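Protein chains in written order, with my numbering: chain F, 1080 to 1381; chain R, 54 to 421.
In short, the hints are calculated from the structure, not lab data.
Since the model is a prediction, treat every value here as computed from it, not as a measurement.
A couple of the hints might just be wrong.
Selected chain F positions facing chain R (Cβ under 8 Å, derived; list incomplete) [what the hints assert, rightly or not]:
hint: 1; residue: Q1187
hint: 2; residue: V1189
hint: 3; residue: V1363
Some residues of chain R that are not near chain F, with every Cβ distance over 12 Å (derived) [stated by the list, open to error]:
hint: 4; residue: F100
hint: 5; residue: P174
hint: 6; residue: R358
hint: 7; residue: S379
Using N, Cα and C, we set each Cβ at its ideal position, and we do this for glycine too.
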Amino acid sequence: MTNFLQLCFAGLALGALYALVALGFVVIYKSTGVINFAQGGLVILGAYLTYNAHHTWGLPFYLAVPVAMAICALVGAATERVVLRRMVGQPPFAVIMVTIGLLFILEQAVTSIWGFNQLDLGDPWGIKKVTVGGLNLAQKDLWTIVLAAAALAAFFVFFRYSRMGVAMRATAFDQEAAVAQGISARRVFAVSWAIAAAVATIAGVMLAAGGGGLHSDLDIIALLAFPAIILGGLDSPGGAIVGGIIIGITQNLTAGYQGTGANHYLGFLGGGFSSVMPYVVMIVILMVRPYGLFGTREVRRI
Amino acid sequence: MPRLRNLHMTLRYQDDLRLFRSRYARAAVLALLVGGVLFPLSFKSEFWLSVLDYAGIAAIGAIGLNLLTGYTGQVSLGHAFFIGVGAYCAVFFGGHHHVNLLIWLGAAAVIGGLIGGLVGPFALRLRGSYLAIVSLGLVFLGLHVFRNWTQLTGGPGGTSVAPPLKLGPLDFTKLQIGNQVYSRNQSFFLLIWAIVGLTALVSKNIVRSRPGRAMQAIRDRDVAAEVVGVRLARYKIGAFVVSSALAAVAGALFGAYQQFVQPDNWSLFVSIQYIAIIIVGGIGSIYGSVLGALFVGAVPQLVDRYSKSIPFVAKTAVGSSGFHLSVFQLNQIIFGALIVLFLVLEPRGLAAVWQRLKTYLRAWPFSY
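The shape of chain F in the complex, shown without the other chains:
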């Protein structure tokens, strides 16, 4: 039972991480209709910027993170302005491919500036643990969950009550009508990219914190977050959280119970099955609900 709870907790932390990445996807998708494959690039860019602010510029860690978020947000908004705005009205396929191209460029830009070596982010949590009722909880995991919850709550408040948030919802609902009401769709697009990039920075920092370290392969997380957003529904921020947590827990339980030793129930599936488990869950759920758990059904008309 302890083992199970332990796995569930680690899964929850992983799920929170997925939810953070997924939230970035959803913000962009909801307001601009773009599936942003470059999100993984923003995740590593944010993490490396934090490293740079902390080590090279000598800022304290808790200041380095917001600074990195701000720079990353600027990069995100600039990307939208320079590249994505030209793609308005193009078929979705072309837009997806543009973001894949951007991912390649971002990835290589990061490695050519900071190199391939694994770096230590210098976060204050390290591998410290807290013991609660027989469970060993990594401090970093607790922080991930707290930060994810805080980021999501802030996002919901912003989306629901702020002027910009309302403008974003209006644009997502009907772009033309929103523009007719005097909302600047351009500003909405730029802001949603900036928000996505800032959230990606948090995700990148939490990913590289703890024992993990900072390396250029971290953007693979964004590909694993896809099942989470698809599961929740592409345009539902709430769905991103639920999807992230489902995927995180499933993945961790698979990894925990597939392992060698006394409990290799799932050994026949082949080593490392936990890394493809999210996709299996995603495909199964999509077969039942083609727009995810909370996604909006597309109205089909001629």
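Chain R: place on chain F using the hints.
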């Protein structure tokens, strides 16, 4: 009506259905064919021959992807998986059971097509972006299977591929015509580009006839297509079958040419590369796929070759400090930039550039 012979106007419905738009187009294709046979026989650079061989293999897969994505509008990021399936068909039928060249190539096409037919129904249930991401899952699931099915694939370490390459009197490891013996690269050039030609002909025939029109109708607006009587299930699944069969043929040839394959040969990057090929070449254009394969295949080799004369590029491994760009990184950046630039500036690809050039030359010295 006067006969407007060499004006490339579409005056009648039949004009639109023709294989060649004009007698010049036919002559050009014939010249290409003759040139294609004579060219490798006189061309000795093993390096460029191997580039052309890989480009030819990519062209076959890209034509397949263009049928699915360019003509039917079903975005698939899972092309790498089908290419892998084809390569392992070559391993199993050719390498383990030593069947004839035509049989292992055919088996790859049939099995690739069958698996494509199994995946096709997903496209009926899912649309647009959802389909793209599910096909992304296919690549990862495929990689997992390829890594774990060790008897066939040799696990992550890979396996050698040695299928028979004889077809009657023709031996494609060292082709002999008359007294002249040709190298492996030259022989493969003929084999691969013959299959490219055949694939292009079959695909062109598909897209200019009834199924092709149905596919394009589905691409443009699937509900409308369904309303006018196009059977969605039939053509969507059909497009998946043909596309994955062609991908599998490309994979089988890739395995046979490279003689060694490992699961990492079928990663997501390969899928993206194929999509880049059809974007650069021209979405919804058969000869565009071939142009794109040549372009995307040749650019990394050129960068590799002339990297010494490009500033900021280090030939050695990457250090940990300072701004450092390796050839590999530069290639990745160029690759990403190609996709972005083509989509932003020329969404219809090289095929459209070529078309414009032709129009310009034809009307010269007038602007139109």
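Kindly indicate which numbered hints from before are broken by the structure, ordering the numbers from low to high.
2, 3, 5, 7
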